[in-house]
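Please arrange chains B and C on chain A, whose structure you already have, making use of the hints.
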Amino acid sequence: MAIAQFVVNGLLVGALFAAVAVGFALIWGVVDIINLAHGEMVMLGGYTAYWLLSIATGTAEGSVLLFLATLPVVIAVLFVLGYVLQRTLVSRVIGTDIFLTLLVTFGISIAIQQLAIQAWTANPRSIQVGFADPSLIVAGVVIPKMKLVAFFGAIVLTAILYLFLQRTRTGRAIRAVSQNPEAAALVGIDVEHTRAVTFGISSAVAGGAGAFIATILNIEPQMGLIYTLKSFVIVVFGGVGSIPGALTGGLLLGVVEELTAGLISSRWTLAVSFTLLIVLLVVKPQGLFGTGADE
Amino acid sequence: MTSDQNRRTFLKVAGSTGALGLTGLAGCAGSSSDGDGGGEGGSGDTITLGGSMSLTGDNADLGRLYKDSYQETIDRINEAGGVEAGDGNTYELEMVLRDDGTDPSTSRSIYQELIDREGIDYLLGPYASSVTLPASAVAAENQKPMVEGGGASPEIFSQGNEWIFGLLPTANKYAKSYFDMALEQDSPPETVAILAEDDTFSQTTADGAREKIEEEGLELVVDESFPTETSDLSTNLGRVRDNDADILLLCAHQQHNIILANQMESQGVNVDAAMGTVGSLNQSFKGEVGANGDYIYGPTSWDINANFDDPVYGGTQDFVAAINENYGYPPDYHSAAGEAVILTFVNAFESVDELGPTAVRNAIRDADPFSTVYGEVSFGDNGVIDKDMLIRQWQPDPGLQTVYPSSVAQADPIYPMPDWSER
Amino acid sequence: MSTKDDTGLLRSVLPPERVDQLFDLCGTHSWKLILLSAVIGALPPVFGLREGYMMTVISEMFLFAILALSWDIVGGQTGYPSFGNMAFFGIGAYTGAILLKDFAVSFPLAVVTAGVFATVFAAIIGLIVLRLRGHYFAIATLGVLLAAQQISRNLEITGGASGKILFDVPPGIVFYYFFLGVLVAEIIVVYYLSNTRFGFILNAIRDDEGKATAMGFNTTYYKTAAWMLAALFTGLAGGAYGLFNTFIDPQTAYNGAWNVELIAMALMGGTGTVAGPVIGAFGLHTIIEYVETAFVGWQLVLLGLAVIVTVIGFPKGVVGSLREYANEMDYYERGGMAATDGAADGTDAATDANDPEVTTDE
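Chains as they are written, first to last, in the UniProt record's numbering: chain A, 1 to 295; chain B, 1 to 423; chain C, 1 to 362.
Chain A extracted, bound-state conformation (with noise of 0.2 Å):
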């Protein structure tokens, strides 16, 4: 029963990590880049949410609906971001050395956990969600239920960034500048601007992730970095570029962490993951799903 809780547990997590990895995982597949801004986005997503919410009703606390009705605006607010950030920055080193693209990202990791310690202060923050009984308990496994809510909006997400991706024009412009940048131009599809919104895409699902993060753990200035780690691992397991792997892979390394914690201690579970990381790069480099191309 121990066991069934381990999982439980790092499913619920292993969803928000997955909603965070499937943007990491579209701009490496579409722009080529591996974005280490990206934990940024989810700490400012979370922050979005939770000054909205201060706003709303003057502390950080409301009902589940208040809370998932700042979701729109957190999305806006970072697709914004994400497509200004590609626009003026990013976009001035693709195709360039790998490790010129690496440090770029960097650069405007480290500014903007600064910039948020000097506007917000490192005080962790947390947004509080009120039910009257905070959690179910079916068949001696105990699973809370913002938990369950976030669970089920982080698969929302990635579920809608999927369809997106499949179902519209811009979805399918997306998919070919993956593809094939020159050949996408060709065909009368804007390369840059397609790039931009992938970036802007991939940030407004990170900070929607961010919100629920807010909820559920806390969020401060220099969390990032973390979620950007556990983002390299997902997509390893994943494939680059695979929503669904991305899924996949976020909820299994959720389970990983919580069977490492559950049964031999909480103090390995990161040299696990980070181990994990390493063999599967060299057993596996595309991934545990196929070709990692399914986009």
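These are computed hints drawn from the structure, not numbers from a lab.
Heads up, some of the hints might be wrong.
[Said to hold, decoys possible] For lysine to any residue, the following SDA-like pairs were computed, each having C-alpha atoms within a straight-line distance of at most 20 Å: (1) C:Lys211 x C:Thr224; (2) A:Lys284 x C:Arg131; (3) A:Lys145 x B:Gly160; (4) A:Lys145 x B:Ser158; (5) A:Lys284 x C:Leu127; (6) C:Lys101 x B:Lys286; (7) B:Lys286 x A:Gly58; (8) C:Lys32 x C:Tyr136; (9) B:Lys286 x A:Ser54; (10) A:Lys284 x C:Tyr192; (11) A:Lys145 x B:Ile414; (12) B:Lys286 x A:Ile55; (13) A:Lys284 x C:Val13; (14) B:Lys286 x A:Pro134; (15) A:Lys145 x A:Ile155; (16) B:Lys286 x B:Asp246; (17) A:Lys145 x B:Glu422; (18) B:Lys176 x B:Ile414; (19) C:Lys101 x B:Thr90; (20) B:Lys286 x A:Phe131; (21) B:Lys286 x A:Trp51; (22) A:Lys284 x C:Lys101; (23) A:Lys145 x B:Asp419; (24) B:Lys286 x A:Lys284.
Quick look at chains B and C alone, frame taken from chain A:
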């Protein structure tokens, strides 16, 4: 091809020559332009205190408490005419405060810079034990006294360093009063759970707790460490629940206290008492967790409601009012320890015949106990203040209360804390 | 992103042919110049540099130059951008600290052992990660760094999260000459190698590994050797660092921020050269020291902006840009077209020059 090769070669070599040469020059210039620093002869009419603090980074919120407290205290002293030192002169105080971002690899050069460049003889310690260790080594090498209110690892004081003085009880004492308090209750605990972040400070706190648990014959049913980056404690809290621990101790900082309070509620973890070691008594903690923070305990080396005499502010309550008024938040023990850091120096300046690092160090070491807003200050042989922690608890009404020891308690602890279903 | 006006002014003060001549001059006297710089570097303490602060700052400059130059052996010369070099540093630092503290080994022996351990570690890890390229290599090396850090946090021998305290410290001058000595030795080795077949093959791997393999070179052997060389010098530096800083813990020994800093140093000075990383290390460390005291609370914002501006504006770094500038003469001499356009705009040039490497992702 040959000329290309030569050109490449040149750049490689020219660059390193230039760079090495330049630093060489900079080095010479640096050493020749700098005199023997100020302070020693007391020729000026200011004394400068210098140090670094966590002004950015994870601990910037705590660093700010020290900075504000230092500044307020120094301003007040200067407004009142300055320090009347034992050498018969009156000095204004000045402060130079650098930022170390809680990075142990920067503190060494920062403190050397303060000593060599700024000519500072009297050092204010940084925040966090890992930063204080290298800083205290610099103080010892340069024979400058350092007084600190932000590093509590016993390792700092077990190196035979005679130049460092600490105002916080060492980390291994942080949790002791909590157990003493719980054991005095009507249905004392039998089993304990410890969750500890894996940083120096928290691990030392946990070590101290383990010793105490052994001494008192309690049973340690959960003993888990987790990486600082961990943002979810559910699985560990599940352990606490499954093992029926009577009381819970979280050795960690504010971030994890917030997670603890929220997840105890959402996971339905019921214990008789729960304490977080650092950051659980801050207003910002309670602000983030709301009612979930009720009944949580925290240790403090200082009671905000106490009334100690103080030469600068008058008394503890005047200090509390001053910080509240000028900075918009109530001070906590970090703030009060910061005030005592400044007063430790002032007290020594007043008692020496001639100002100088060695004389001041001796004066600090040999000082009779003196009163500050922080309480009575005197240092043991190892340089640490002899103090035990008080325990405070968030009570639903009227709020944060000192509950232990009973000699200073404002209220009895609400023990055991009510189950989540009864709130 | 230099404009025509900038180059116009620069052109009148320092014409490219003059730079070109300087290149040739120094090229023919390279060994003398290395010797001269070593002597100049050794002089300040002789002439009365006693200040602890300057001593520490210059020692740290030497230290960062060692780290940046080591990174460049693999990242710049061979085209394998490692984000995990600090793992070698950490292994070295812990080896040194444990030997000094727990086994009372002498300082020189501890440092040498640290270098050896780091090299052996690199050999083992290299066999695994050097099979990867591009993004995958970068991430795998970062993974190595993070895993090593986590493991050190949880082991008994490393002192866990509390790390190692080494209070019995020799005077600063010891470290000054130690780091200088390692740096000079490294400059000599790297410079010597860059003019040998070994250096040529490393560059061939960077430019097109497939082709290098096709030419019959055992690229795995050369990559691993370069990687171990980088680890040796990084490990030596790490071995002394614990004592230099009087304290190491997992955060300090496996400092991820330093890893990025030293890449930025190599980049700003000019990757793929010997002088570039050294110049970059000295320059950036000076700037960081200054910014930390002058702009408290904004240093990361400024560092971030500096990195972004360098990467976007001058991806070839100081030495690379200068070289390009001097190379204009060749274009003129050859009656080349578009001489100014090609060299004046660093971004274009870099994009062109680096194109082959981009396509090597698998």
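Taking the hints in turn, this is what the structure says about them:
With a CA separation close to 18 Å, the supplied pair lysine 211 of chain C and threonine 224 of chain C stays within the 20 Å bound. A threshold of 20 Å between alpha carbons decides the hint, and for lysine 284 of chain A with arginine 131 of chain C the separation of about 12 Å falls inside it, so the pair holds. For the hint linking lysine 145 of chain A to glycine 160 of chain B, the alpha-carbon distance of about 54 Å lies beyond 20 Å, and the restraint is violated. As the CA atoms of lysine 145 of chain A and serine 158 of chain B are separated by approximately 49 Å, the hinted pair breaks the 20 Å bound.
A threshold of 20 Å between alpha carbons decides the hint, and for lysine 284 of chain A with leucine 127 of chain C the separation of about 16 Å falls inside it, so the pair holds. For a cut-off of 20 Å, the pair hint linking lysine 101 of chain C to lysine 286 of chain B is broken: about 44 Å separates their Cα positions. At roughly 15 Å between alpha-carbon atoms, lysine 286 of chain B and glycine 58 of chain A fall within 20 Å of each other, so this suggested pair holds. For a cut-off of 20 Å, the pair hint linking lysine 32 of chain C to tyrosine 136 of chain C is broken: about 41 Å separates their Cα positions.
The hinted pair formed by lysine 286 of chain B and serine 54 of chain A meets the criterion: a straight-line CA distance of about 15 Å does not exceed 20 Å. Taken as a hint, the lysine 284 of chain A and tyrosine 192 of chain C pair is broken in the structure, with Cα atoms around 38 Å apart against an allowance of 20 Å. A hinted pair counts as satisfied when its Cα atoms are at most 20 Å apart, and lysine 145 of chain A with isoleucine 414 of chain B does not qualify at roughly 28 Å. Distance hint between lysine 286 of chain B and isoleucine 55 of chain A is fulfilled; the C-alpha atoms sit about 19 Å from each other, no more than 20 Å.
Of the pairs offered as hints, the one joining lysine 284 of chain A and valine 13 of chain C is violated, with about 56 Å between alpha carbons and a cut-off of 20 Å exceeded. For the given pair, lysine 286 of chain B sits about 19 Å from proline 134 of chain A by alpha-carbon distance, which is consistent with the 20 Å threshold. Using a Cα cut-off of 20 Å, the hinted pair lysine 145 of chain A and isoleucine 155 of chain A holds, with the two alpha carbons roughly 15 Å apart. With a C-alpha separation of about 23 Å, the suggested pairing of lysine 286 of chain B with aspartate 246 of chain B is violated against the 20 Å cut-off.
For the suggested pair lysine 145 of chain A and glutamate 422 of chain B, the alpha carbons sit about 18 Å apart, so the restraint of at most 20 Å is met. Proximity of lysine 176 of chain B to isoleucine 414 of chain B is assessed by CA-CA distance (about 18 Å); at most 20 Å being required, the pair is judged to hold. Between the alpha carbons of lysine 101 of chain C and threonine 90 of chain B the distance comes to roughly 47 Å, so the proposed pair goes past 20 Å and is violated. For the suggested pair lysine 286 of chain B and phenylalanine 131 of chain A, the alpha carbons sit about 19 Å apart, so the restraint of at most 20 Å is met.
Restraint check for lysine 286 of chain B and tryptophan 51 of chain A: satisfied, since their Cα atoms lie roughly 17 Å apart, inside the 20 Å limit. Between the alpha carbons of lysine 284 of chain A and lysine 101 of chain C the distance comes to roughly 41 Å, so the proposed pair goes past 20 Å and is violated. For a cut-off of 20 Å, the pair hint linking lysine 145 of chain A to aspartate 419 of chain B stands: about 18 Å separates their Cα positions. Between the alpha carbons of lysine 286 of chain B and lysine 284 of chain A the distance comes to roughly 47 Å, so the proposed pair goes past 20 Å and is violated.
Checked against the numbered hints given earlier, this structure breaks hints 3, 4, 6, 8, 10, 11, 13, 16, 19, 22, 24; the rest are met.
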